[in-house]
Amino acid sequence: MQADTLSGGFAAPPVDAAHAFRAVMRVMARPGTIEAATGATPPAPLSVAAGTVLLTLCDPETPLHLAGDADCAGVRDWITFHTGAPLVARSEAMFAIGSWEALAPLDAYPVGTSEYPDRSATLIIEMDRLDASGARLTGPGIKDMAALSLPEVAAFQANARQFPLGLDFLFACGDRLAALPRSTRVEGQ
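In our numbering, the protein residues as written are 185 to 373.
I should point out that these hints are in silico values taken from the structure, not numbers from a laboratory.
Treat the hints loosely; a few may be bogus.
[Claimed, not checked] Computed beta-carbon distance windows for the label pairs:
hint, residue 1, residue 2, range
1, Ala220, Phe265, 23 to 33 angstroms
2, Asp315, Ser275, 30 to 40 angstroms
3, Gly268, Thr225, 13 to 23 angstroms
4, Ala342, Asp261, 28 to 38 angstroms
5, Gln341, Asp315, 16 to 26 angstroms
For glycine and all other residues, C-beta sits at the position ideal for the given N, C-alpha and C.
Turn these sequences into a full structure, and let the hints steer you where they fit.
Rendered as structure tokens:
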């Protein structure tokens, strides 16, 4: 096992995980809000925010799908060592990580059932840019309107139409994190 695999975890796991969990909860509760998510130093191509989220939310009972460039030996080994999360196909994932293009097609992920809408996947999308501008967001957790730079609008509109089913999204860019829960309505710019 390489030294890179063993490094990059939380320096103070209980404290760092608690801070990261609060950041995830804040962005999910307030779509369009951008928070810092730090503590992890994952291998490339994962961002600090994405690695921090994975260390916080994944464990041996959390199936994870690695898409595109994220599906490499360094990331697989790092995830296995630090979280023990099983690496699975899209159709079995509770979480998936990768670029927007690599995560497609969205209909390959679980969206929950009418009895258990919570049994859906959360996609962690690695972004080149993450700003509070672009697509207009409305819905729960948003006072009037928020804005977020999304990779596209139509897919998120289609996802919201499935509510209470659907996917939830986390966006990671460097050490920054934002979210788009399935209950959020998305309009073009």
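So, going through the hints one by one against the coordinates:
no.	hint	in the structure
1	Ala220 / Phe265: 23 to 33 angstroms	25 angstroms, holds
2	Asp315 / Ser275: 30 to 40 angstroms	32 angstroms, holds
3	Gly268 / Thr225: 13 to 23 angstroms	19 angstroms, holds
4	Ala342 / Asp261: 28 to 38 angstroms	35 angstroms, holds
5	Gln341 / Asp315: 16 to 26 angstroms	20 angstroms, holds
Violated hints: none; the structure is consistent with every hint.
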